[in-house]
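Enquirer: Position 123 of the sequence shown, counting from 1, maps to 116 under the working numbering, and the rest follow consecutively.
Because the hints were derived from the structure by calculation, they are not lab data. Computed from a predicted model, the values in this text were never measured in an experiment. Among the clues, some could well be false.
Distance windows between CB atoms, simulated [as the list claims (entries may be wrong)]:
1. P29 / L121: 21 to 31 Å
2. G63 / M42: 18 to 28 Å
3. H8 / A60: 30 to 40 Å
Where is the CB? At the ideal position from N, CA and C, for every residue including glycine.
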Amino acid sequence: MRLLGVRVRLNAPEHEVLVILDEDAGERSLPIVIGPHEAVAIATVQAGMPMPRPGTHDLLVACVDAAGSGIRQVEITEVRGGTFIAEVVLQNGTRVDSRASDAIAVALRAKVDVWCAEDVLDDAAVVLDVDEDDREHVHLAGTLADDEADERVSEFREFLERVEPEDFSDRDESGS
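Just need the whole structure built from these sequences, with the hints factored in.
Expert: Here it is in structure tokens:
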């Protein structure tokens, strides 16, 4: 799977935050609702933003490496009650239960593949309604020219400076 990005769905009742994965060979995409903290953890790595101190996902990867193992890949294994279940697969074959959003954040930091079970894709994947130019643009997002990458990092930093926790709160439409 390829990471298309993190998006906020503004027309949803609670402004859902989604991470969207795309099939390597196919047209299906897998949208997964995630929390705002996980969204920032994923988006900062995707945008190439260095963090001043290691975050939790960085710490996990560093601990696994320091213990003499490594991370082979992450796998999204099932959907249970609307929740995506994932596993972090270590070099020695050990599988560690994980939330899908945390597994994706770890995979980006460890620079390993994200796999998804076929039955999960059959149950939860969608075909995005984009034309080929849009799809090509999205797929090339990981190979941006330096100027365009710098611009996107700058835009993301501005977003992080403006965003407030209340932007992700569970309020009803009356604002209470």
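Enquirer: State for each hint whether it applies.
Expert: Evaluated hints:
1. One distance hint, 21 to 31 Å for the beta-carbon pair P29 and L121, holds here, with the actual separation near 23 Å.
2. Evaluation of the 18 to 28 Å hint for G63 and M42 yields a pass: the beta carbon distance comes to about 24 Å.
3. Distance hint for H8 and A60: a CB-CB separation of about 39 Å, consistent with the stated range 30 to 40 Å.
The structure agrees with every numbered hint stated previously.
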